[in-house]
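Mapping the sequence shown onto this note's numbering, position 387 (from 1) lands on 387, and the numbers just tick up by one.
Heads up, a few of these hints could be off.
[Said to hold, decoys possible] So the derived label-pair ranges between C-beta atoms look like this: (1) Lys222 <-> Asn597: 39 to 47 angstroms; (2) Ser266 <-> Leu598: 28 to 36 angstroms; (3) Lys670 <-> Ile746: 17 to 25 angstroms; (4) Glu672 <-> Lys734: 33 to 41 angstroms; (5) Glu242 <-> Ala472: 23 to 31 angstroms; (6) Lys510 <-> Asp619: 48 to 56 angstroms; (7) Glu166 <-> Ser277: 29 to 37 angstroms; (8) Lys401 <-> Ser225: 48 to 56 angstroms; (9) Lys400 <-> Pro551: 17 to 25 angstroms; (10) Leu598 <-> Thr725: 43 to 51 angstroms; (11) Lys348 <-> Gly474: 45 to 53 angstroms.
In case anyone wonders, no lab produced these hints; they're calculated from the structure. It should be emphasised that the depicted structure is a prediction, and the values quoted were computed from it without experimental measurement. Built from N, CA and C at the ideal position, the CB exists for glycine as well.
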Amino acid sequence: MGKRRGGRELLRGLSKKQKKHLREFGEEHPFHDQVLLLLLLHSCFPFQSENSDKSSAESDSETEVEQVSVYHKLLATLKTSPESESEEEEDESESEEAGEGETEMDSEGSQETGEAGEEDKNDVPDQEEATDTAEQTLGREQADGADTSCDPSHGVIEEFTDVKHESEFSLETNFMEEESGDCNADKRDSNSSQAFSEDPFKQHMDKELEEKEVEKMSTLPKTSSQSKWPKLGQLTFSSTLEKHKTLKADKEVDVKQLYLHKPLESTWPKVNKQFLSSVNKQSDPSFTPLQRELFCIMNTYRDLFYPERNALTNGEEIRHAYCLHALNHVLKANAQVLSNNAKRRDQKPGTDSDDYRDQGLTRPKVLMIVPFRECALRIVHIFISLLEVNDKRKIDVSNKKRFKGEFGSDPEEKPPNLKRPEDYEAVFAGNIDDHFRIGVAILQKSMRLYAPFYSSDIIIASPLGMRTVIGAEGEKKRDFDFLSSIEILIIDQADIYLMQNWEHVLHLMKHINLLPLDSHGVDFSRVRMLNLNNWSKYYRQTLLFSALQDPQINSVFSKHCFNYVGQVAVRNVPLSGSISHVVVQLPHVFRRLEAENLTSVIDTRFQFFIDKVLPEYRDAIMSHTLIYVPSYFDYVRLRNYFKKEELNFTHICEYTKKAGVCRARRFFLKGEKQFLLFTERFHFYKRYTIKGIRNLIFYELPTYSHFYSEICNMMKATDNRVDATWTCTVLYSKYDAQKLAAVVGIDRTAQMLQSKKNVHLFVTGEN
């Protein structure tokens, strides 16, 4: 009876799609497999290809046991079925009827742990302890899995690449005559030497640096200047070689003066018209004010850091702007190669061919780093729209059906009753798988998806997708030669990588623009001298977009960007801060801790918390205390200390199972647990409303400033009529200046950093 009942309970928790898969294949789909992370950590981590063969064996391949990465498992637990999401929404209402289904799990957990269900099971703490080591060695373990990616014994399907259209898209065997539009454009440009020399692409790539200049960029500090633009705001221009010429924002932009490659001149206004208002169309029929200023900087091939990307407002505008720039660069570079192919074919034997240096050591020119498959899908759709001149002239896109199937999403997967903030819906729209990479080859009339990397012009990938192919030092099977000649690097939504694994981004930056270990069949007579001299990094343009300013993101822009043209960073300061969006009457106490240096902040904060803050909350009268912890490692440290001190607490993190989350929320609401440790990553991926909060402690200021007001406003969900007893305590140091300004505003931040006393603020709910 027990087994039969357990089977019914299992089926009851499955969606219709999962039940269908179970009937057809006799097992649950790996994406929904809720395997304990502990078992995952002790198992082998073979690299799993996100692609599969398009043959008839494609359906049979799903029956194989697929080994997935830690982050796949994390996403599998975060992206639940409609039924499970419905149960979560019911649990938020905290009604007795909604809790009946989980009461059985609570009682089972209580019997197994003997601690009233404080944790999921006895092995869950070990599971979370193991993740400490897992996050530190994640890259090594995942890369180890790449060795078995093509081994059938491991049940992993070899990654699909399109080798069928290799000759069609080869730059070495095609000529400009085959692209009639390009041929005419090339002849037209060659007739106007002045226009040809003013092309930003030619100016940037044809510039020949001297060894003295390279040495100067490597040793001397950068000089900077300030400028204010109408839309972007405060800009900081920095360079090593020379002082920046004043770059002014154009109020109006003529598409013909941007040196866009054919057919982008005609297609861009049509593709971008969705963002243009009726007022804006009169002044500029092609760009929005934000796009105009961004593209003005992009087109000069300067590095750009824009930390005000918002998925709700300007995210798609920015995506269209950098897609236009990337595609324009690729089309110009390929047109130059095809044109020189024809010239070399027609030249007399014995003629010096040193004038035709137009390539890098490998073909990929643009690398686009995005967080989810949905982002890659939208980018490819923009590329297709920009290449199609009209409805009659459709471009040929190979493997388009396969691409839509693997990068698209099923609308039925999202439950209709799921209620989350608008920014959450915008970020997690569509397919949110974060392990992918795809090569794209482009010629004027056609596009090749799933092109092998060494035959691709553009690579679109996630940080995890790059990490698993780059591998780690000492591994037999690793490859990063295809990154040797990247000319444009675009990192979009960089703030999300802080919630995924920032180490993957740093690992990528360490392996880009290095000399390749193999020649890969390159014609060295066509390779630019800048590539042969290993100066590619000084010509690479980096475009970095983020929703916030963070020291780790700033570090990438300052330490890994070496563009000889210089850098441009948007440095606007917040005037009000997210505290103005707190709607409950709540006293905010900001307690400053003094740290000698940046490396000692972590230990200083922990000691300050247990010595001065926690004793004030040990009394039973200070119950219902939520402790918000941004760092997972700080969370583990606090959890271990609370256990050692035998404090009455419960905890929720990104690795906690659903049953444990339900129990923790219920115990905290009823006051059975005095403290609740709560991680930022859990809030980022779930955005649950935690009820029962009376006392709030921010162990560290949140990464996203709007999380501060969100957590504070959770207090209004508690109807306990004791508003006067609510408290909010925030720990900060002088190294948290950026986060502090985003919460309280720049004026208050300046005052708080100058004063060493605790600051008390009271929000009336009318701000």
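Hint by hint, here is what the structure shows:
no., hint, verdict
1, Lys222 <-> Asn597: 39 to 47 angstroms, "violated (24 angstroms)"
2, Ser266 <-> Leu598: 28 to 36 angstroms, "violated (52 angstroms)"
3, Lys670 <-> Ile746: 17 to 25 angstroms, "violated (42 angstroms)"
4, Glu672 <-> Lys734: 33 to 41 angstroms, "holds (39 angstroms)"
5, Glu242 <-> Ala472: 23 to 31 angstroms, "violated (39 angstroms)"
6, Lys510 <-> Asp619: 48 to 56 angstroms, "holds (50 angstroms)"
7, Glu166 <-> Ser277: 29 to 37 angstroms, "violated (45 angstroms)"
8, Lys401 <-> Ser225: 48 to 56 angstroms, "holds (51 angstroms)"
9, Lys400 <-> Pro551: 17 to 25 angstroms, "violated (41 angstroms)"
10, Leu598 <-> Thr725: 43 to 51 angstroms, "violated (36 angstroms)"
11, Lys348 <-> Gly474: 45 to 53 angstroms, "holds (51 angstroms)"
Comparing the model with each numbered hint stated earlier shows that hints 1, 2, 3, 5, 7, 9, 10 do not hold.
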